[in-house]
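J.: Using the sequences provided together with the hints, build the complete structure.
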Amino acid sequence: MSTLFDLPQHGSLQSAGNGSAGRSGPDPEALLNGLNPQQRDAVVHTGSPLLVVAGAGSGKTRVLTHRIAYLLAGGVHAGQIMAITFTNKAAAEMKERVVDLVGRRANAMWVSTFHSMCVRVLRREAKTLGLSSNFSIYDADDSRRLITMVARELDLDSKRYPARTLAVHISNLKNELLTPEDAAEQAGNDMERKVAQVYAAYQRRLVDSNAMDFDDLIMRTVQLLQGHPAVAEHYRRRFRHVLVDEYQDTNHAQYVLVRELVGTEATDTGVEPAELCVVGDADQSIYAFRGATIRNIEEFERDYPQARTILLEQNYRSTQTILSAANAVIRRNPNRRDKRLWSDAGDGEPIVGYVGDNEHDEAAFVAGEIDRLVDEGIATFNDIAVFYRTNNQSRVFEEVFIRLGLPYRVVGGVRFYERREVRDALAYLRVLDNPEDTVSLRRILNVPRRGIGDRAESVVAAHAEQERISFAAALRKAAAGEVPLPTRSRNAIAGFVALLDELQAVAAESDVAEVLEAVLERTGYRAELEASDDPQDATRVENLTELVTVAREFTETRAGAAPTTTDSGVDPSAESVVAAVLPAGADDEDAADLPADDSLSAFLERVSLVADADSLPESGDGVVTLMTLHTAKGLEFPVVFCTGWEDGVFPHLRALGEPAELAEERRLAYVGITRARQRLYVSRALMRSAWGQPMTNPASRFLTEIPEELMHWRRIEPERAAPQVRSTWGTRGGFDRTGADSAQAGLAARGMRSTGRKGWKDTVAIKLSAGDRVTHDKYGLGTVLSTEGEGPRATATIDFGSSGTVRLMLIGSVPITKL
DNA sequence: GATTTTCTACTTTTT
DNA sequence: GTAGAAAATC
Numbered sequence: 001m002s003t004l005f006d007l008p009q010h011g012s013l014q015s016a017g018n019g020s021a022g023r024s025g026p027d028p029e030a031l032l033n034g035l036n037p038q039q040r041d042a043v044v045h046t047g048s049p050l051l052v053v054a055g056a057g058s059g060k061t062r063v064l065t066h067r068i069a070y071l072l073a074g075g076v077h078a079g080q081i082m083a084i085t086f087t088n089k090a091a092a093e094m095k096e097r098v099v100d101l102v103g104r105r106a107n108a109m110w111v112s113t114f115h116s117m118c119v120r121v122l123r124r125e126a127k128t129l130g131l132s133s134n135f136s137i138y139d140a141d142d143s144r145r146l147i148t149m150v151a152r153e154l155d156l157d158s159k160r161y162p163a164r165t166l167a168v169h170i171s172n173l174k175n176e177l178l179t180p181e182d183a184a185e186q187a188g189n190d191m192e193r194k195v196a197q198v199y200a201a202y203q204r205r206l207v208d209s210n211a212m213d214f215d216d217l218i219m220r221t222v223q224l225l226q227g228h229p230a231v232a233e234h235y236r237r238r239f240r241h242v243l244v245d246e247y248q249d250t251n252h253a254q255y256v257l258v259r260e261l262v263g264t265e266a267t268d269t270g271v272e273p274a275e276l277c278v279v280g281d282a283d284q285s286i287y288a289f290r291g292a293t294i295r296n297i298e299e300f301e302r303d304y305p306q307a308r309t310i311l312l313e314q315n316y317r318s319t320q321t322i323l324s325a326a327n328a329v330i331r332r333n334p335n336r337r338d339k340r341l342w343s344d345a346g347d348g349e350p351i352v353g354y355v356g357d358n359e360h361d362e363a364a365f366v367a368g369e370i371d372r373l374v375d376e377g378i379a380t381f382n383d384i385a386v387f388y389r390t391n392n393q394s395r396v397f398e399e400v401f402i403r404l405g406l407p408y409r410v411v412g413g414v415r416f417y418e419r420r421e422v423r424d425a426l427a428y429l430r431v432l433d434n435p436e437d438t439v440s441l442r443r444i445l446n447v448p449r450r451g452i453g454d455r456a457e458s459v460v461a462a463h464a465e466q467e468r469i470s471f472a473a474a475l476r477k478a479a480a481g482e483v484p485l486p487t488r489s490r491n492a493i494a495g496f497v498a499l500l501d502e503l504q505a506v507a508a509e510s511d512v513a514e515v516l517e518a519v520l521e522r523t524g525y526r527a528e529l530e531a532s533d534d535p536q537d538a539t540r541v542e543n544l545t546e547l548v549t550v551a552r553e554f555t556e557t558r559a560g561a562a563p564t565t566t567d568s569g570v571d572p573s574a575e576s577v578v579a580a581v582l583p584a585g586a587d588d589e590d591a592a593d594l595p596a597d598d599s600l601s602a603f604l605e606r607v608s609l610v611a612d613a614d615s616l617p618e619s620g621d622g623v624v625t626l627m628t629l630h631t632a633k634g635l636e637f638p639v640v641f642c643t644g645w646e647d648g649v650f651p652h653l654r655a656l657g658e659p660a661e662l663a664e665e666r667r668l669a670y671v672g673i674t675r676a677r678q679r680l681y682v683s684r685a686l687m688r689s690a691w692g693q694p695m696t697n698p699a700s701r702f703l704t705e706i707p708e709e710l711m712h713w714r715r716i717e718p719e720r721a722a723p724q725v726r727s728t729w730g731t732r733g734g735f736d737r738t739g740a741d742s743a744q745a746g747l748a749a750r751g752m753r754s755t756g757r758k759g760w761k762d763t764v765a766i767k768l769s770a771g772d773r774v775t776h777d778k779y780g781l782g783t784v785l786s787t788e789g790e791g792p793r794a795t796a797t798i799d800f801g802s803s804g805t806v807r808l809m810l811i812g813s814v815p816i817t818k819l
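For the first sequence, the UniProt record's numbering begins at 1 and goes up steadily by one.
Because the hints were derived from the structure by calculation, they are not lab data. Check each hint, because a few of them may be wrong.
To be verified - Lysine to any residue pairs mimicking SDA-like chemistry, simulated, CA-CA at most 20 Å apart:
hint, residue 1, residue 2
1, Lys194, His169
2, Lys818, Gln693
3, Lys477, Ser489
Stated by the list, open to error - Here are the simulated distance ranges between beta carbons:
hint, residue 1, residue 2, range
4, Gly405, Ile378, 17 to 25 Å
5, Asp338, Ala140, 34 to 42 Å
6, Glu542, Ala140, 22 to 30 Å
Quantities reported herein were computed from a predicted structural model and do not represent experimental measurements. Glycine included, each C-beta is placed from N, C-alpha and C at the ideal position.
T.: What follows is the structure, encoded as C-alpha cells:
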C-alpha cells in the first residue's frame, strides 16, 4: 500500500548508494541525484556555519547523510568528521546510511550521542582533569538517590524539598553550566538556597564516588575544553566538520560544547574554526522540560553571524490534508518562524474524527477501525500506530486489543534498564567495577535482605562522614568491629563484605556474564525471587536471565575479532535489548583509548549510555505500535491514531495555565499529526477516569484548531452535551444554564460527590486567585484569569479553553474544584 | 530489623 | 489505580 508514496526520492537513495560504494569513493555528483534544490544546497554548502531548518518529513536525514558522503567524496578524511545525535539509534542509523553511500571507510567517523562523545573525551583526558578514567556514570535514578541521601544528611524537610524537585533544579543548573558556587551566589529564595546547598554536597559526593551524572558528562567536557586550550586545539585540529542533528533539542551546555568544539575564531597557532552544520526544526522541540532551549536554533544566525540558513519545506511523507492540519495547528504558536510544509502527493483522505462517550468507547472505535483497515487490505498491522499523551493511557487500548485479538506492541513505559531487579544486579557489577560507587553500594547493602537495616546503615554513613572516609571504607571498618554497632549488625556487615570480596575474586578472572551469574547465585538474589509466589517475581527472574544473555552477547561480540558494523553477527530476531548493547563500530582508530581490556567497565558504560534498549520494533513484526507522542518523534506510519485529544489530557493538565508549556504541547500535536503518511485519525472521549475518578473533559483546543473542511467526523458529541451518568459525580445533562442556575445544579452534583470524599462543608466556599487551575462540573478545566470582590460577592473570571471564558460567582457551592 | 499499613501524589523522558 | 515512601506494628 505504500506505492503512493514511493516517490523518486526513495529510489534514488538506493541507486546512489549501490552505484557508488566502491573503494575509490563515489562520484560526488551522483550523491546529488534526486535531491531537491534546497536539499542540494545544504549538501554542497561549504565554509560558513549552516543551519538547515528541516520541517517534518522533509528529508533531513538524507541531507545529513548525503552531506557527509559528499564531504568524503570531496577528499575529507572520515576521521575529520564528527556527527552528533541524541540517541544511539539515530547515530547507528546515520553511520549505516553513510556506509551504504561511501563504503566502510566511513567507520572512522565519530558518530555518536552527545553523551558518548563526552565520555570518550573525558576518559581519554581523565589525567588532565585529575580524575580516574573508570568513573561510573549515574543516571537519573542514581542521582536522585544520592540527592535523597544528601538532603537527609542536611536535615531538609522531604516534603518541602522533595528529592525529585531538587534533582530537577540541580540538573537545570548544570545545563546552564552553573557551579554550586554560582548557584549559591545567585540564589534568591529559600528553595534556591537549599538547592545550592544540596548541589554543593551532591557534587562532592559524586566526586568521592568517582562518578558523574549525565549532566556532568557535558558540563565537565565543556570545562575541559574551556580550561585547557591545548586540549581544545587538539580536537579542533582533528575534527574539521561537526554536524549536529536535532539541534532544537540542545540545551545550553550542549550549545556551548558545540561552540567550543568548532571554535569561533582561528587559534594562535592558526587552526581555523571547523565547519559546522546543524539540522533541526523548532516546531518539533518537545523536550524543553528536559532543559532543551529552542533558543539555540532560533538564534543560530545571531550566534554565528556568517551563518547560512536553508529551509526545507517540501514534505515527502504525508498527504496535503495532513500537512494542512499540521500547519494550521502549529501556526497558533506565538513567535515562531513561519514555515509551511507542502507536498505534491495530493490531498488524500480526510482526517477522521471521533468522539467517544468514554475512553473505552474511544479505544473500541480505534480497534474496530484497525480491524476494518486490515480486513479491507487498506493497511497491515505494521502500518498502524496509536499515539497517546501519557503512558497510562495505553491500558485501555491493550484491553480492547487483547479482547479482539489484535496484535500490538507497546513501546516505552518502564524500560528494561529501569526495572528494579535489573538495576539491583547492575549495582552489584558497578560496585565490583568501582568500589567507591556509594550509591550502588548502598543500594545493594541489604538486597536481598541480609539483616543490615536502616539503623546500621546510617551509623556507618555517619561514621564515614565523621572520619572523612568513604562509605565503602567505613563499611569495612564496621565489619572489623571498629564501629560501634550491635553484634548482629556487625556480623551481617562482615558477611556482606566477605561476599563482595568473593565476587571481586570472580570478577578478576571471569567475563561479565560469569560475574553476573555469580552475583545472582551467591547473593541469593535469584533464589529469593524463585521462592516467591508473587507472579511479578517470575517476570523478574526472566528479566535477569535476559540480562545475562545481554552480557553474554556483549562478551562474545567483543571477543570476536573487532566487529565492523553495528549489526554484524546479531540475530535479527534477538531482543532489541541485546542489539542495543552491542559495541557499535568499534573499529575506528581510537578504539585503543577505550577501556577495551576491561570488559566489565565497557559493559557498564554501554548499559548506562544505551538505556533506550527497548527500541522500536523493526517493521515486519505484524503488530500495531502503541506509544506516547514523545516516543513517536522521528517515526512515520501510513496510518496514525492520535487519541485522547481533550483539554487536561492533551494538552496536559499541567500545561493549561502556562503559555510556554502550552506551546510545547502544541508542538507535540504537530509532531503527532506529521507522523501520518496517508491516514490520520483524531479522537477524544467525553468522559475518562483519571486517578480512579471519572472526569468530563472538553475537546482539546488543538482539535478545534484543525480546519473543519479537512475533517470527516465519524461521530460527534451528542446534542445534549454530557450524557447521563449514573455515577455519583458529574453533571446532569447539558442544560444551558446561567451561572447562578448552574451553581444550583452543581450543588446537587457536588453534594453527592462530596459525601463520598471529604465531606459537605469543604465545598461550600472556594477561594481562588489568578493563575489557579480548576475544574468545573459543566465547563471542564479552566484557568482563573482574575478575581473580583470579597466574601459572598466574590467572582472569578475563568478561561475554560474551548468552552469559553466565564465569570462566575463564588458563593454557595459553585461546582468548582481547585486543582 | 522486618513486615504490614497507611499515605500521597501523580506528564512527557533522546542520555 | 497504583507504586513508592513513610509510619506503625510485630
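J.: Hint by hint, note whether the structure agrees.
T.: Hint check:
For the hint linking Lys194 to His169, the alpha-carbon distance of about 10 Å falls within 20 Å, and the restraint holds. The straight-line distance between the Cα atoms of Lys818 and Gln693 is roughly 15 Å, inside the 20 Å bound, and the hint therefore holds. Restraint check for Lys477 and Ser489: the C-alpha separation of about 13 Å stays at or below 20 Å, so the hint holds. Between Gly405 and Ile378 the Cβ separation comes to about 19 Å, which falls inside the hinted range of 17 to 25 Å.
Separated by about 36 Å at the C-beta atoms, Asp338 and Ala140 satisfy the suggested range of 34 to 42 Å. Taking the beta carbon of each, Glu542 and Ala140 are about 25 Å apart, inside 22 to 30 Å as hinted.
The structure is consistent with each of the numbered hints, conforming to all of them.
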